[in-house]
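Position 33 of the sequence shown, counted from 1, bears residue number 33 in our numbering, the numbering being contiguous throughout.
In short, the hints are calculated from the structure, not lab data. Some hints could be false.
As the list claims (entries may be wrong) - With a Cα cut of at most 30 Å, we get these calculated DSSO-like pairs of lysine-lysine:
id, residue 1, residue 2
1, Lys109, Lys212
2, Lys78, Lys89
3, Lys162, Lys212
4, Lys163, Lys222
5, Lys212, Lys172
6, Lys150, Lys47
Quick caveat: nothing in here was measured; it's all calculated off a predicted structure.
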Amino acid sequence: MAINESRSEIDIYSELIANFTHQIINPLNGVVGTLDNIVEGHVASAKRDQRLRAAAAQLINTIELVRNLAFLSNLSTKAGRQSLRELSKKSLIPRETIDAIAFFQELAKQEKGMEIQLLDSTQYWVKGHPDLLRQVFTNLLDNAVKYGDKNTAITVSVHEQKKTGNLILEVKNLGPGFDFNERAKIFERGFRGIGARSVKASGSGIGLFICKELLEAGFDAKIEAEYSSQSRETTFRIRFPSFNLEEKGIYVEG
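Produce the complete structure using the sequences and hints provided.
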């Protein structure tokens, strides 16, 4: 296990909170320092836009950390998990994916020269709250940008799988990936694989855990991961058992 089973839940959450606090305070201090330097005239006008974009990126990352912390709080209790279930809501796919792509597109391009490509625009919808789905896609794209190779493409695709009757959404990127033996562990709370640890990027170790829990609690969906050491391609695959193809207006029950 990624986290020693003999440790109490209090110890685990205390460690996660300490990790979150560190990751939130550091970028906020950086933003404050940047703004102070600009206000006091210590930054050349030619570099102001670059420094402001960097500060905005730090704020974006901090916002996502806080959102994950809020979702983690909900997921820690039975009542909290039930509150995430909103079958009266509809989430459009890939509409919610497009929002997440727009969120990361500029950041990915500026920081690592990466492109994010949506390969299919066919619209589907699934039962569940769009905020949850948006957070799942945000975490997956954040993971792909953070641990992906520079100057490569992240691809997002969605299709119906005839064999299983599932709606499949895949996020793929090139990078260090994970060891085969880590495949089941990467969705555990607090786990960071060998590949992730080899990259100089901050991580709380709960982004993928939250993806798994939100998909299961809010959509009865499953997420799985694959990595090819030959192609260096990582694939995160979400399976929605029930969905609707918008143009046909037919709801497919899993």
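Hint check:
no., hint, verdict
1, Lys109 - Lys212, "holds (27 Å)"
2, Lys78 - Lys89, "holds (20 Å)"
3, Lys162 - Lys212, "holds (23 Å)"
4, Lys163 - Lys222, "holds (16 Å)"
5, Lys212 - Lys172, "holds (17 Å)"
6, Lys150 - Lys47, "holds (23 Å)"
Violated hints are absent here; each numbered hint is respected by the structure.
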